[in-house]
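Chemist: Sequence:
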Amino acid sequence: MQKQQPVKRKRKAQRKDEILQALAHMLENQQQGRITTATLAREVGVSEAALYRHFPSKASMYEGLIEFIEESLFTRINLILKEQTGTLLRCEHLLTLILAFAEQNPGLCRILTGDALVGEDEDLRNRITRLFDRIETQVRQVLRETEIREGRKVALPTTAAASMLLAIVEGRIVQFVRSGFKRTPTHEWPIQWTHLAEGLVV
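Residue 1383 in this note's numbering is what sits at position 9 of the sequence shown, and the numbering runs on without skipping anything.
Pair ranges (Cβ atoms, derived): (1) 1460 <-> 1405: 38 to 44 Å; (2) 1445 <-> 1530: 30 to 36 Å; (3) 1521 <-> 1552: 34 to 40 Å; (4) 1557 <-> 1427: 36 to 42 Å.
The calculated lysine to aspartate or glutamate pairs, modelled on DMTMM-like cross-linking and capped at a C-alpha distance of 20 Å, are: (5) 1456 <-> 1466; (6) 1527 <-> 1510; (7) 1556 <-> 1402; (8) 1527 <-> 1572; (9) 1432 <-> 1392; (10) 1456 <-> 1445; (11) 1390 <-> 1417; (12) 1386 <-> 1437; (13) 1432 <-> 1497; (14) 1390 <-> 1441; (15) 1432 <-> 1494; (16) 1432 <-> 1391; (17) 1556 <-> 1477; (18) 1432 <-> 1495; (19) 1432 <-> 1422; (20) 1432 <-> 1489; (21) 1432 <-> 1444; (22) 1432 <-> 1417; (23) 1386 <-> 1441; (24) 1456 <-> 1444; (25) 1556 <-> 1489; (26) 1432 <-> 1402; (27) 1390 <-> 1402; (28) 1527 <-> 1466; (29) 1456 <-> 1524; (30) 1432 <-> 1496; (31) 1386 <-> 1422; (32) 1456 <-> 1510; (33) 1390 <-> 1422; (34) 1456 <-> 1521; (35) 1390 <-> 1437.
These are calculated hints, taken from the structure and not from any lab test. In this text the structure is predicted, and so the values were computed from the model without any measurement. Glycine residues also receive a C-beta, built at the ideal position from the N, C-alpha and C atoms.
Could you build all of it, start to finish, from the sequences and the hints given here?
Modeler: Pasting the structure below:
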């Protein structure tokens, strides 16, 4: 009996992943209206009761997707900060990471923009706000270290510069969602970043 427990836990974890993947898929393909647990259950091929055996509420399903976003982004951001030392390279890699992640996960972009969270638990929207605040704080810290690391200065106050860079990234994700996922976030980004970088550090 003891040997069966790990197998059951593994199956339960797999089922939870299947539910979250189905929800992300529906967010990508059902771009209007709220997703109900009934339609999600049909997508997964289980009953609503089975959904609730894995997640206590629909909000907890969205939380699962947000946790995936957080883990994916911040794990890679930490790697970038370890591997890169220059301000411009750090900023470029960090911002490009967010745009590439968004492009690879269209359904999750509707969570990042808050579009899919309208009418849902307000705590979910607050968590997304905190996610972007954390990223902006990280960018601001990178900019603040410029003078120490390189003996150079950021052309704008670091708070204003970090806010501007995040606004550009968020705007490109919004455009991606609004275009029905046709206008990709990384399209022409290298050219735009080159222009931004020229005036960012002096």
